[in-house]
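Visitor: Protein chains in written order, with numbering that gives the first Met the number 0: chain B, 0 to 761; chain D, 0 to 298.
Keep in mind that the hints are not guaranteed to be accurate.
Pulled a few chain D residues facing chain B out of the computed Cβ check, cut under 7 Å [said to hold, decoys possible]:
| hint | residue |
| --- | --- |
| 1 | GLY55 |
| 2 | SER94 |
| 3 | TYR97 |
| 4 | GLU231 |
| 5 | PHE232 |
| 6 | THR233 |
| 7 | GLU234 |
| 8 | PRO235 |
| 9 | LEU241 |
| 10 | VAL242 |
| 11 | VAL243 |
Think of the hints as simulated: they come from the structure by calculation, not from any bench. Computed from a prediction, not measured in an experiment: that's the story for all the values here. Just so it is clear, CB atoms sit at the ideal spot from N, CA and C, and this is done for glycine as well.
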Amino acid sequence: MGLSFLTPALLAGAALVAVPVILHLIMRRKPVPRAFPAMRFLRQRAAANRRRLRVSHLLLLLLRMAALTGLALGLARPTLRGAGWLADGEKPVAAVLVFDTNPRMELRQANRTRLQEAAALARALAAKLPAASQVAVIDTGGGPVSFSPTVAAALTRVDRLAVGTASQTLPAAMQEGFRLLATLPDLRHEMVVFTDCSQGAWEGRTAADLVSANADTAVLWVDVGAEGAQNFSLEAIDLSTDQPTTGLGLGLTVETRRSGPDANRPVAVEMLGADGRYARRAVKPVTWKEGQSGQVEFEVTGLEPGVRQGRVVLDGSDDMEADNTRFFTVEVGTPSKILVAAPQPAADTGRFLLQAIAPAALRKAGKGRFDATLIDIGKLDATPWDGYQGMLLADPPPLPPRTLDLLWQWVAGGRGLVVWLGPRAADAGRFNSDAARKLLGGRIVRVWRNPREDNFLAPANLDHPILGPFRRVGDAVPWQDFPIERLWEFEPNDLADGAGPADGAGPADGAVDSAIPVVTYRNGLPAILEHRVGQGTVVTVTTPVSQSADDPDAWNMLATGFEPWPFVILANETLLHAIDTADDRNIVAGASAVLHLQRRDVATAFVSTPGGDDFPAPVDQRRGTVTVTTTQVPGNYRVRSGGDVGGIVRGFSSNLAADCIDARRLADAGLVAALGAGYRLAQSEAELVRDVRLERVGAELSGWFILLAALVMAADWIVANRFYAPRDDAGFAGANAGPSTVQKAPPPLLGGAGMAVRGADA
Amino acid sequence: MVRAVEEYLKPQVVRQIARLDLRAQFIVKGFLQGLHASPYQGFSVEFSEHRKYTHGDDPKDIDWLVYAKTDKHYVKKFEAETNITGYLAIDASASMAYTHRQELTKLDYSISLAAALCWLMIHQQDPCGLMVFDEKLHSSLPARSKRSQIAQVLSVLSKVKPSRRTDIARSLIQIGAMLRHRSLVMVFSDLLADPEPIRDALLRLRHRGHDVILFHVLDEAEVTFPFDGMVEFTEPETEEKLVVDADGARREYLVAVQAFREDYRRTCFHAGIDYVPLDTSMQFDRALMEYLVSRRNRF
Numbered sequence: 000m001g002l003s004f005l006t007p008a009l010l011a012g013a014a015l016v017a018v019p020v021i022l023h024l025i026m027r028r029k030p031v032p033r034a035f036p037a038m039r040f041l042r043q044r045a046a047a048n049r050r051r052l053r054v055s056h057l058l059l060l061l062l063r064m065a066a067l068t069g070l071a072l073g074l075a076r077p078t079l080r081g082a083g084w085l086a087d088g089e090k091p092v093a094a095v096l097v098f099d100t101n102p103r104m105e106l107r108q109a110n111r112t113r114l115q116e117a118a119a120l121a122r123a124l125a126a127k128l129p130a131a132s133q134v135a136v137i138d139t140g141g142g143p144v145s146f147s148p149t150v151a152a153a154l155t156r157v158d159r160l161a162v163g164t165a166s167q168t169l170p171a172a173m174q175e176g177f178r179l180l181a182t183l184p185d186l187r188h189e190m191v192v193f194t195d196c197s198q199g200a201w202e203g204r205t206a207a208d209l210v211s212a213n214a215d216t217a218v219l220w221v222d223v224g225a226e227g228a229q230n231f232s233l234e235a236i237d238l239s240t241d242q243p244t245t246g247l248g249l250g251l252t253v254e255t256r257r258s259g260p261d262a263n264r265p266v267a268v269e270m271l272g273a274d275g276r277y278a279r280r281a282v283k284p285v286t287w288k289e290g291q292s293g294q295v296e297f298e299v300t301g302l303e304p305g306v307r308q309g310r311v312v313l314d315g316s317d318d319m320e321a322d323n324t325r326f327f328t329v330e331v332g333t334p335s336k337i338l339v340a341a342p343q344p345a346a347d348t349g350r351f352l353l354q355a356i357a358p359a360a361l362r363k364a365g366k367g368r369f370d371a372t373l374i375d376i377g378k379l380d381a382t383p384w385d386g387y388q389g390m391l392l393a394d395p396p397p398l399p400p401r402t403l404d405l406l407w408q409w410v411a412g413g414r415g416l417v418v419w420l421g422p423r424a425a426d427a428g429r430f431n432s433d434a435a436r437k438l439l440g441g442r443i444v445r446v447w448r449n450p451r452e453d454n455f456l457a458p459a460n461l462d463h464p465i466l467g468p469f470r471r472v473g474d475a476v477p478w479q480d481f482p483i484e485r486l487w488e489f490e491p492n493d494l495a496d497g498a499g500p501a502d503g504a505g506p507a508d509g510a511v512d513s514a515i516p517v518v519t520y521r522n523g524l525p526a527i528l529e530h531r532v533g534q535g536t537v538v539t540v541t542t543p544v545s546q547s548a549d550d551p552d553a554w555n556m557l558a559t560g561f562e563p564w565p566f567v568i569l570a571n572e573t574l575l576h577a578i579d580t581a582d583d584r585n586i587v588a589g590a591s592a593v594l595h596l597q598r599r600d601v602a603t604a605f606v607s608t609p610g611g612d613d614f615p616a617p618v619d620q621r622r623g624t625v626t627v628t629t630t631q632v633p634g635n636y637r638v639r640s641g642g643d644v645g646g647i648v649r650g651f652s653s654n655l656a657a658d659c660i661d662a663r664r665l666a667d668a669g670l671v672a673a674l675g676a677g678y679r680l681a682q683s684e685a686e687l688v689r690d691v692r693l694e695r696v697g698a699e700l701s702g703w704f705i706l707l708a709a710l711v712m713a714a715d716w717i718v719a720n721r722f723y724a725p726r727d728d729a730g731f732a733g734a735n736a737g738p739s740t741v742q743k744a745p746p747p748l749l750g751g752a753g754m755a756v757r758g759a760d761a
Numbered sequence: 000m001v002r003a004v005e006e007y008l009k010p011q012v013v014r015q016i017a018r019l020d021l022r023a024q025f026i027v028k029g030f031l032q033g034l035h036a037s038p039y040q041g042f043s044v045e046f047s048e049h050r051k052y053t054h055g056d057d058p059k060d061i062d063w064l065v066y067a068k069t070d071k072h073y074v075k076k077f078e079a080e081t082n083i084t085g086y087l088a089i090d091a092s093a094s095m096a097y098t099h100r101q102e103l104t105k106l107d108y109s110i111s112l113a114a115a116l117c118w119l120m121i122h123q124q125d126p127c128g129l130m131v132f133d134e135k136l137h138s139s140l141p142a143r144s145k146r147s148q149i150a151q152v153l154s155v156l157s158k159v160k161p162s163r164r165t166d167i168a169r170s171l172i173q174i175g176a177m178l179r180h181r182s183l184v185m186v187f188s189d190l191l192a193d194p195e196p197i198r199d200a201l202l203r204l205r206h207r208g209h210d211v212i213l214f215h216v217l218d219e220a221e222v223t224f225p226f227d228g229m230v231e232f233t234e235p236e237t238e239e240k241l242v243v244d245a246d247g248a249r250r251e252y253l254v255a256v257q258a259f260r261e262d263y264r265r266t267c268f269h270a271g272i273d274y275v276p277l278d279t280s281m282q283f284d285r286a287l288m289e290y291l292v293s294r295r296n297r298f
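For reference, chain D alone in the conformation it holds in the complex (with noise of 0.2 Å):
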């Protein structure tokens, strides 16, 4: 059974599903299944909607259904309240468009584990916006947590397409300045580009008060390498080219890519930001977790 499970969350069977909101879907319910079964129980999506009386409150909030019950004082808690608004940014640029042989591309998993977020927040009555940007913020969808929001989101993600360039740090800058609430940011991007401007975008995310996921999606290849022999490399966004002996480069590369990963962790760490490094091979579980424990962790 749990087998089965695993099995809607591999990228390569998600893959053969092509409406993304059955994908969506297919992902959540996947994951749901399995949570039941894990030792994650505690993060059941039953969530709980009173709390106990307390001084302040308003008196008309007090549940009386319950009281009669329990005959104690429970406040019936506001949707609002309840439910964190989440911003779904996703990295539309050039270098995301790339697989080496895997059966989703960055874009592809982002967009399917984007969907599947967006479908899980949704159900829970989750506010749920979408901001697509690449070297600048080109498609947005503002929160809301109808269920049409969902055919909405996915429709967009649905159209975007891969374009050349990004600039990631300038994107979260005005992803940060759009927001007016606390949000919950999940950024969905390899971050193949400076890494100094795109931390101080994350800090200044921080510092306006949202919550951030940081999913670093890197193709499979990109984290292996596993090529041999004179190969030469083209740069998607630069068109740049480097001939390199692969077999004698993979060992510096693997160190450096590494290494890259740690720094984002370290600076992540430090921030407060939930860093979730993911490659195309891997599957959804890990993000969709990732939300929740950040969901939980909010209240």
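Next up, chain B with everything else stripped away, as it sits in the complex (with noise of 0.2 Å):
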């Protein structure tokens, strides 16, 4: 905010505060002289009296300097505005308009949507532009940021705005303005942002620090959102995989938010057909609260081979669209062969592995995800490996560096690895060859023992795919129950780089990659590492299964404790992680997609969007994948190559992030965190004229300062008047004033002294 004059000129009245003080220099009151004897008994205090006699004149000198002062600034007119010192309201301004035109934009209300809303408004402030005025439109979908030629083109560009997926925040878009704006230094800078105050659009955002670095420019915030709009939202979707297995059933769950009074809506699971059309396979009633958020889960069985899509409606309409729908994409297939190698007997060694991921029973109703084949660990070069997606080795001893290197070339071309590290490693020197810390990404240090059962695997989060089914349970799992007494010490790669090998070997011939911490356990030692090998990828897990309970040297009770359900799901996801091929299936809006075609021979696919276009995309043929970055619009797309018959299909989904359709309210602290202290909101027109009035023209502060200045001459009358009071022996004064006084000749007496001689003598 600035302080601006209508009429400067008459600032220069401000000089008349030399008045006062010429007048105290040159024509100091002059004391009133007075002759008087007694005046011994004023002089012990002369010296107070003096200094409280000029603090008196200086106050008053203060007092009359404030208020001439105050009368100049009265008369000047000053406004109170944020565009700057010495404003004239009507000279041309570059001005920015903001668009928010994120999906959410969409939300109804008066039969309006907010982007129209905003466009209608945009259209009222553009018609208080000044003549001549520089006008630029920005939105958060991005594109070209320059100024319009002209205003009508601008408010054709207004009148195109679209809602979209943002390809940036609205902080950032802000951004673009202010640097627009300071191409035209000349002009006077208005930014204009309509946005419609909602979570989506400001949780975790700030444009505070924005405003205040570019003070100079007056910004405007236009709130278009919308109070009481009724809204069903199918916020976000999870899947139990999105790699099923044939014949087993796929997990849905989505999350739902209410806004408005309870009701009840239908929500349906609609599978997209062969014909392009989505066929109805489940419909669930809902109980939606008001303002409470939810869950619906859906079982999909019966599920055929290949790439599958689907939606999640919501049954009818409300005043939001672009929530009511979320897509999903999977890709269902046979189980994935499994190569399980574990030490001699192997059938020991290996049970809880292969129990684990391919159990008994399911394996003999042909319902396993995976189909594994144990072997023993010392057949592993004899056995060919060539039809295998995966491989398991439990506990294995040092191996042989060639086996390594066939190792690292096997899972390099798109293969799963998962080593549970064991007692036979045992000689960690053996152990550590260069092949070995190629592959695992690192190498193993020393075997920790915790013999009081007080470690046990705590991860920090959930995040990483592999604990993704723990997230439904949260904190219930019972980590603790399921100690771990040793476990190998694995330092990755990058770390071993810096500290040096402790064996002083060097670090593996150009392995800059290295395995990454996944899961760790309580004493801060990683339990499960990642490591990207190629397009396959290596799963460490740093203490073995391969031992029985009743083994007294056991070193852990990870499958030999009660119920042991999180090792079963850690074996399973560990190993769907190390042979998953990272497709991009789920996708947020405006993310670009990558896509395993597992051919090479391909030079281009075509990906078919939502709205039913096609266009072309690369495939990179050295990795044989294909990436997709118009992905803005939701829904679900496809991708095929290599023609109709014998080509690859592969699809994805791609979904409206949550803060593109949460158009909740922000509360009031929010926007003060958001938009910083004493932001002021314009919801009509009337505020938005006023608002564009107050930073053109300002708000006049006239009253206020001839008010002050009229307080300012009443405080010094009644001190002048404490000092200067009129004296009520005026008379006295005139007549005795000064020395003359003194001089006084006593009464004339009448007649003489011979008179009064005589008259005592009669």
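Using the hints, build the complex out of the two chains.
Guide: This is the structure in structure tokens:
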């Protein structure tokens, strides 16, 4: 905010403050002269009296100067405004109109979306722009940023604005606007931000710093948010897996939130058929509670092998369509072939892992997720690996470098390896060959012992895909019931390189990549590490599950404790994560989707958008992947390559990010944090015009200044009266003032002394 | 009636009588009239001139006429025995010429009062003398009780002019040295000088056996300090100037004046001196009463 003056020339009147000073200096009020014989009684306090007098004079002087200044300021018509000093209300301005075009701006109220409301207000604002003003329109959807040739052209752009996936946040769009304004330094800068003041727009974001850093720009906030809108919102969608096995069901969980009164509204799951139409597979009635979130779970079964896409939809319509549908893509397949290599006797040492990933009952029923084969680890070299998608090494001994190199090449080809380290790695020196470090991304250092059963798996968070299934139970996983007594301390390559290998061996040749800890023990050491090797993944677990419960030297009770379901999940998820092709099947709208085609002989893939359009996308033949970046429209995308016969079909789903559809109103405290203290929101055309006027012309403060001057004058009058009160003895003062009083002769004595004598004699 | 009598004693009324002799008569008559009507009748001016004969008195002084009437022996008192010798000592310094808004200056007031006292004393057959001083004693009349003495005293009084400076202590010492008989010295002064020497001089007077009545005459403005705003005060005797915010200084001034008078009152009380604080707005009767009280106490 700044102070400006409508008639700045009258500020020259402030120079009149010099008048009292001059008068004070050259026309100091002369004290009234008086003869006074009893002056001795005044001398004692004369010094203090003089000091007090001086202060009084100074106070009077200041009051008079303040009164004159206040009067001059008042007559100069001061205005409080944000447009800077001495601005002219009719001078052209450089204005940037910033629009939020996120899908939540589709929220309807009074049969108008938030974006339409913003456009209408922008039109009203444009009518108030001074002639020859420069106008630019910026929206969160991105695009070129420049001033429009005319105001009309800018309004045309405003009319063409459409909601869509945002490529930038509102503060980022404002930043663009400030940069653009800086290109026109000669004009007064204005920025008008149209926002719905929703949590989605401002939660965790702030523009306060931006505004304060660009104090020379008048920022007007226009609130186009809807109060009391009724909305059923489908928020995040969670899949039990995006690679379900044929015959197994697919679990779907959708988060819901209601804005508005309680209501009943069903939610359905629909699968996309070959004809491009959605077929309803399940419907659930849902009771929506006002302002509350909830969950709706579905189990979809009977999915055919291949890429399957579907959506969860709200039955009926509401005030915002954008959050009524969530899309998903899964790849249904046959059980993955897994080779489980365990030490002699493999049937014993590999039992737990085998039962965990491929339970006998499921294998017999043909419903196993994995088709596992158990072999003696000593026969690993003799076994052909090509047919397998993944491999489990249970408590491997030091392996020959050649075997390790072959394993590295095999994994790098896009396969998965899970290594459960155990006591047979005993000789760390032998185990940590360069080939092993290259494969595992690190080295084993020593065996840690925790005999007091106070060490167990303790994941810091559940963000990693391996821990995804545990998110549903959260803190309820009884990790402490499965103590880890011994474990290998594993040192990733980057740490080992920094510290220098203990055995003096150098780092693996060219092995700049390193294993990344995913899960740690309670004592802080890594429990599960992930290492990307080429297109494959190696997952290392630093404690084994190859020992029986009655083994006195058992390292842990992961597989032998009571109801070891966490181990079963871990065994499956580590393997799934290792063999996953890491296709981006479910992404946030606007993000890039990377799909593995498993073929390197095709140069182009065709992407079918939810709108039915097809466009080609180049294939990275070295990696055998295709990357799709045009994913702004939420929906199901299909990627085809290699022709209709024998070709490859992949797919992915794009869903709007949570903040794009979160139209809940931000609380006042949140608005302060987002917009900065002292923000003012215009919610109607009248308020917008008021704010514009306030910024361009300002709030006139003349009245206040004149009142201030009057108050100061009153104070001056009181103080002056206190010091120079009119004397009620003015007549006497005139008669007796001055030294003449002293000389005054006694009253004349009529008749003189002679007469007096005569009188006396008489 | 009482109100009419009081009018005689007001300075502003007395001021209208130009002739000093008439003024003195006016004051005294007014005072005496008031006295008859007052509770102080015991101070009647009809003095007793007989006393009982006691052993040692000269038998020729017995008043046989009284004896014939009363069958008791009374001695006829001599004039010298019944009268006191009074000296009017008037401060004629420049500061005494001051008045702020009263009709009479301090000097006028003192002269009027002194004239009235002179008139009263002569009419009581009390010898009355006059001494006028500033830095030193410069006019004096020896005490006499003849009627013509009134004219002489008033003549001198009417010629008194204020001079520049004063030395009250020195003048009092000089007066004390001149008086051979025990006398009543009535000092009229504003005492605006260093108080210590003045006190010493008064004590010396008392030490010599003189009775002293100290009429401390101040101007009404010196007592009430009625000034406002910025005032540049000039001391009449020294011409010294001082700029003062009168409103701010009033309180301290009044306290200082009060303390000044209180000091004199205490000193005089201990020394057996009658201290009469006056200001020029006060009636004359108080001063006259002080004289009569002092006279009575003497016998």
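Visitor: Indicate, hint by hint, whether the structure satisfies it.
Guide: To see whether the hints hold, each was checked on the structure:
1. Proximity of GLY55/D to chain B is violated relative to the hint, the smallest CB-CB distance being about 40 Å (cut-off 7 Å).
2. Given hint, SER94/D at the interface with chain B, holds; its Cβ is 3 Å from that chain's nearest Cβ, closer than 7 Å.
3. Interface hint status for TYR97/D: upheld, as the beta-carbon distance to the closest one in chain B is roughly 5 Å, under 7 Å.
4. Because the beta carbon of GLU231/D sits about 4 Å from the nearest beta carbon in chain B, less than 7 Å, this interface hint is met.
5. About 4 Å separates the beta-carbon of PHE232/D from the nearest beta-carbon of chain B, less than 7 Å, and the hint is met.
6. A least Cβ separation of about 5 Å between THR233/D and chain B falls short of the 7 Å threshold, and the interface hint therefore holds.
7. Here the hint on GLU234/D is kept, as its CB sits about 5 Å from the closest CB of chain B, short of 7 Å.
8. A distance limit of 7 Å between C-beta atoms decides the matter here; for PRO235/D the minimum to chain B is near 4 Å, and the interface restraint holds.
9. About 6 Å separates the beta-carbon of LEU241/D from the nearest beta-carbon of chain B, less than 7 Å, and the hint is met.
10. For VAL242/D, the interface hint holds, since its Cβ comes within 7 Å of a Cβ in chain B; the closest pair sits about 5 Å apart.
11. Given hint, VAL243/D at the interface with chain B, holds; its Cβ is 6 Å from that chain's nearest Cβ, closer than 7 Å.
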